[in-house]
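Novice: Chain by chain, the residues run as shown.
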Amino acid sequence: MSETTSDIGDSRAAPSVLRREIWGVLAMSLGPVLAAFVLSGLILLLMQVNPFSYYGYVFGRGLFSPTGVQATLTRMGPLLLLAASLIVAFRAGIWNLGGDAQFLMGAVFAAAWTPLMVPHVPVWVALLAGMAVSAGFGALWGLVPAFLRAYQGLNEIITTLMMNFLGLSLASVLVKLVFLDPATTVPQTRTLAVEDRLPTLGATTISSGLLIGLVAVLAVHFVMTRTAFGLRLRVVGANAGAAVHAGLAVPALTVAVFAISAGFAGLSGGVAILGQYGNVRADWNPAYAMSVVPLVFLARFNGFAAIGFVALFSILSIGSESAARRMGVPNYFTLVTVAILLIVLGLAEYWGARQRQKAGA
Amino acid sequence: MTLFTDTFLIALLAGVVAAGVPLLLAGLGEQLSEKAGVLNVGIEGMMLGGAYLGFYVAWASGSTGLGFLAGALGGMMVAALMVLFCVRLGLNQIVIGIALTLGAEGATALLHHVQFSRLYPRLPEVATWRIPGLAEIPIVGPALFDREPVVYLALALVPAFVWLYRRTHLGLAIQAAGDKPAALDSAGESVLAIRALSVLGCGALVGLGGAFMSIAAAGVFVPFMTHGNGFIGIVLAMLARGRPLWVLLGAALFGACLSAATALQVAGVDIPTDVVQMLPFAAVMAVLLIAGRNAKLPAALGAAYVRGER
Amino acid sequence: MPVAGPPPIVTLQGVTKRYPGIVANDSIDMEIRAGEVHVLLGENGAGKSTLVSMLSGLQQPDAGRILIDGIERPIASPAVALEIGISTVFQHSMLVPSLTLVENATLGRPWWRRPDRAGTAAAMAAMAGRIGVSLDPAALTSTLSLGERQQAEIVRALMRGARFLILDEATAMLTPHDAARLGALMRRLASEGVAVVFITHKLNEAVEYGDRVSVLRLGRKVGGIAPEQLRSMGAEAATAEVVRLMFGTSDMGAGAAARPAPLPAEALHTPVLELLALYAEAAAVPLSNIEFKVHPGEILGIAGIDGNGQKQLAEAIAGQAPVSDGRIRLDGAYIDRLSIGARRDLGLRYVTDDRLGEGTVGGFSVALNLLLKEIGAPPYWEHGLERPAAIRANAEEKRRAFDIRTPSVETPVGKLSGGNIQKVLLARELTGTTRAVIFNKPTYGLDLANIAATRARIRETAARGAAVLLISTELDEILELSHCIAVMDQGRIAGIVPNDDAARRRIGELMSGVSRE
Amino acid sequence: GEISSIAILTPEAGTDYGWNQQGIDGAKAAAAAAGIEAIVAENLGYGDVRPTLRELAEDKPGLIIAHASGYNTAAPEIGAETGVKVAIVDSPDALKANAVADYTASGHEGAYLAGVLAAKMSRSGTVGIVTSGEPPSWNSQSAAFAEGVKATKPDAVIRYAVIGPAAYSDAAGGKRVTESLIAAGADIIFGQGNGSSFGMLQAVETTPAADGGKVLFIDVIGDKSPIDKGFLLSSVLWNLEPVYAAMIADVKNDSFGSHNYGIALKDGSVALLKTPQIPEEVWTQVMAVKDEIVSGKITVTPHFDAAAVHALVTGN
Ligand SMILES: Nc1ncnc2c1ncn2[C@@H]1O[C@H](COP(=O)(O)OP(=O)(O)OP(=O)(O)O)[C@@H](O)[C@H]1O
Ligand SMILES: Nc1ncnc2c1ncn2[C@@H]1O[C@H](COP(=O)(O)OP(=O)(O)OP(=O)(O)O)[C@@H](O)[C@H]1O
Ligand SMILES: [Mg+2]
Ligand SMILES: [Mg+2]
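Chains as they are written, first to last, in this note's numbering: chain U, 1159 to 1519; chain H, 24 to 333; chain G, 1237 to 1753; chain R, 343 to 658.
Worth flagging that the hints you see were computed from the coordinates, not collected in a lab. One should not assume that every hint holds.
Example chain R residues on the side facing chain U (calculated, C-beta under 10 Å, incomplete) [claimed, not checked]: (1) L386; (2) T415; (3) P434; (4) L437; (5) T549; (6) D553; (7) Y603.
To give an idea of the interface, some chain U residues facing chain R are shown, with a C-beta separation under 7 Å as derived from the structure [to be verified]: (8) R1483; (9) R1484; (10) G1486.
Ideal Cβ positions, reconstructed from N, Cα and C, are used throughout, including at glycine.
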């Protein structure tokens, strides 16, 4: 499963080429979105729903209404952190599909300990510590597959999927039996008071998780494309045999990749809890990581593109719930729209690659 | 009042089969697809497709046999999209796989909403084939040898696949398509044909597994009813490293753990349910730790084949 | 030119193939006739393999026509090629590693049929016997050395009973003895009416086995020698003519340099690289009791038939394979417990023969591949940050110095021709300070000019005081460069001989197991 | 105060003959009775409900009903942020004047009656409980059911099994586990689960009891008699309309948030479904027990934690 990314040599293009590229990128990103809406619009027509009103509501809510766009931006925070997590892993050729459990581990431990810390230390200390805890426990959960892969050669797709199932169960065991808020009958952790959560941006309801997520994705992008450490990881990912031959410490790098990747996933859980939700309920699993996986692939592991796709996905998921309700369409339709969008974006990528090849020939 | 009567043991063993057969079919299907170099993460969607179409046809026609056939067809219909996008056009297999799963989840839930959400039709019990002689064995007999034909088919597929992989040119070609497609291509065989065939075969098996869930194991279709069985199928296929018998063992292990969890609860053993539910996953991790060293995957797994590309 | 008799099996008319940034084949006209060995020559990257890929159906021309038996017929796929009777041994292995040789040989037969393993194995063994190589049809391909794989591919191609056989650098991995046998076979096939296209960088082979020569340069056919001409010319003159066509000058590669001068006595005091009773457990050919010393400035050749543990030896010294007993010393310090990177830091270099598998990262640019073993080192990285200008400058410099033919230094290295990938490897390993260098088949796949340049570089490396271990299956190369020659047989050193007048004979004896010393 | 509309949020679709459907139907009925509009947001899942809450709050409905225990942190927070009154479940302590009220809907009294009914109807003396998970509302009914059985027939055996940690849609699992319970001797199944309850129903319909007779099914929350094939013994019916109607009235009187709401046998918001499977004399006896509960002679205390349920069912 080696993915040869095309931006490896990062062409330093001339200005006119650049302008053409920007147009190309715009056409390449808006075109497929439109095409996807036409296709799902046809299905809506079959269901006797006016597609224009439906998508009017989707974008009206997800992008153009003040509270809607704030919800979209808030939703992006944890997703961006997961994108950062996956970019590190995928660029290093590590198929970490266990992001959901790593996310939950981070969420559960941050939720368990931060409310306990708050009375004793300044809030910002508690929040920073909570984020550190979440990253730490996310990373810890990632270390099992890391060591199995690095020192036993065990394929990480199997182990991360298994650790995912195990982690979901463990998270709910922890919530129900260990970190239970004694004050409620509902199995959930103690709640971090609204005023103790991560600050929102100015007078909005946008969680500062958005900023953390943006910084994380950009930092990861920079590290992976512009630093020696990132290059080492990419060598391991592209050809492990060559990495061994070049004298890279492949097992250590593998463990490092897992720790960073799972750490970001854990931090994503922590930021979601500390910034938005305040507590974790038993059996809670928003399954964000599985949604981000295809987005990161479509972005070809590029941080900027990932931000774009995460934004699009967030707009769609915030907007279509509202549209479904207003139009009387079952919410399941959102799944169909996302599926069509992913396929059309994949097709656009294919078409673009062919165009590039033709242009080069 | 003893709990562990014959009847109870039979039910537990039958439970292993009921939970294990869809996993076995999913694992065998995924194994076929992976051997040919296509990482099929869309099998959850194929399973749902099979579960829905199988149930619909069985319900509408009143024939479970037709239902199972339609289930295989439903899986193949979703698989055909995978063939078009990933084998023919070479799009990213993980993106398309996840998209197909989401799409099938949404589509079958919508269809269920329109058709069944008021009536929740349930099918009568599926007729079983009683194997004379074997069915008389105490406990094991009724649980294993008086079953729906699909169960026998699933079990028979295990040696069939061993035979296919080892003893036919097609088997060699499938392995070549996953390990070094260029070699297969230069030997004059179509990589696309082999991969398409494998993915369609995968879809048929997985769809049949889904139909088994909706027609036989549940007798009813509800949205998202495969609830992750497809992903467990992926794990089983990877765990088995190309050997069908290992898929069978893995599926049996999973089924056994589920039945064991039920048995423990029914027996009133007071461990938290969530802990009991971790059993199968913990068991697989244990197997991985003990036996899973150096799991080798086909070299070209996940990579689209483009002739002459360097 | 009036055509007498049947039309050529394949006729190329204005065939053109373009890749991004390069015209790999530029309007090529060529005829390939039954009963002829048609030798295709050209420097690395000239476009030979590209032509082969179009003849075998792996690529389609962007322009031009292909005629089969005088009738236009595109070779749309490998299946069509096979149907026409075109059988190819590609430059890079086309065997499935996870299948045995027999199973590889049966690929392509009808799906439903049961593989006839016994029958195919017998046929393979028979064909192998005919060309004088020995192979184990039941062996799993991944356990075989590159040389053994190449032999198996030749056998498989011959088994297909083709009327048109293409051999793309098929002798690159063979010993001169085996190459001669293959040559004789080509002649025999030609006399039986088969058309053979033979690509090689060894001009002596070209002149000896070829009926007709075509020379490619920068994608264009720049000339050729017709059969009558070739027959009348004599070996010497023909070689000179070929060199003129290929490089535009005729005094290339003239006469191998004499043996190296003996080392000064003081160089022999302290060895740089020392192996002490080294054992390594490996699946097929374990190393046992390997002992030798290499002094500063000394080149120790390792001769032997391919697959006798040479690769294990190189990997054990480089740190890529575990050592079960014995020690390795570099400049007096024990290095056998050190990691690959630590050994490299001490000045140990290993030029691998597996240029695609481990030597390079195919999807990465030439520029990055040139620095693959120095990631993080200044001036290319400062404080861990990439310095693109420095990386580029380094690449441009190496590209010039080593004559790497690439559209740009940003081109993914996997897109280069085999020989040019090899140049990237050499360029990477032969710069900077080195104490000991292991060369594993350093010139395989290189054209004449590049072989000469590479050999000069190996000499230079030694002259600067490094110890050199030269693993090669080319005896001439070893005799040209080495001070001493160790012969490997079955994972042992059968003997070490000084490079004197008797060396060639004694090596032959050692290789064939006649004597041991 | 003024009230022109109410909004209700549910995690799943309102077509499940269960929790979601009862909530939505109740809200619609209460709104219709009060002559106001009901806005329904269904199928929201348990992931992130805040955006929907904020959007609904924009239209300033008189009341937002957050109909899932998973919403009981988010709803009061958004209510406070936007100044909209919210009703939540499973958080009796969250009461806040003119802001938050709780309606912990627990059918435990009805489940107790179901236990009495099961004990009287069981031929084998073994009854089974199947649940798709262990949320508080399931637990309180499982526990009360067990108490009802024990109180009626102390030597009865109760078999208890959970399909999976969150196996709400696992219909095949529901059937498999139910079949195991039947094989363990149960001839009455008390089943709780959304999609998976159809698998339980299927098991009951296709598996004979140990004595070869019929196994009967006791459902919860909704009324599945329209789709019954003669195996539905009863159901612990919830009716949320009175609860919501009381809320609307309180909003009008500015007394919302002064007290919590509940469902009980007393006002008929909890009831036991009568089906043809129940013989008249048994029904009469069960109704007698009901009267004792209503009159306070028998008190049924809810147990919301899984451990209490395990203790009750294993205490054989
Ligand atoms: N698939 C491809 N994509 C891009 N460029 C290619 C491809 N195949 C060949 N080339 C380019 O075409 C040119 C000719 O390559 P080719 O492999 O035919 O050379 P060659 O004559 O066989 O050289 P060598 O002797 O080194 O094997 C090279 O510059 C190479 O980089
Ligand atoms: N991992 C392995 N398992 C089994 N056999 C092996 C393995 N590695 C090497 N061999 C066998 O050991 C023998 C020596 O291999 P080695 O690679 O050292 O030969 P070589 O002369 O260096 O060849 P080349 O340089 O062409 O690869 C070969 O016959 C090969 O089949
Ligand atoms: Mg070539
Ligand atoms: Mg070697």
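Novice: Each hint should be assessed against the structure and marked as holding or not.
Specialist: Quick rundown of the hints versus the structure:
A hinted interface residue such as L386/R counts as satisfied when its beta carbon comes closer than 10 Å to some beta carbon of chain U; here the least separation is about 7 Å, so the hint holds. Proximity of T415/R to chain U holds as hinted, the smallest CB-CB distance being about 6 Å (cut-off 10 Å). Taking 10 Å as the C-beta cut-off, the interface hint given for P434/R holds, the closest approach to chain U being about 8 Å. Nearest Cβ of chain U to the Cβ of L437/R: about 13 Å, over the 10 Å cut. The hint is violated.
Using the Cβ-Cβ criterion of 10 Å, the hint placing T549/R at the interface with chain U is not satisfied: the shortest such distance is roughly 29 Å. Proximity of D553/R to chain U is violated relative to the hint, the smallest CB-CB distance being about 38 Å (cut-off 10 Å). This hint is violated: Y603/R has a C-beta 16 Å from the nearest C-beta of chain U, more than the 10 Å allowed. For R1483/U, the interface hint holds, the least distance from its beta-carbon to any beta-carbon of chain R being 5 Å, beneath 7 Å.
Annotation: interface hint on R1484/U violated; nearest CB of chain R at approximately 10 Å, more than 7 Å. Proximity of G1486/U to chain R is violated relative to the hint, the smallest CB-CB distance being about 10 Å (cut-off 7 Å).
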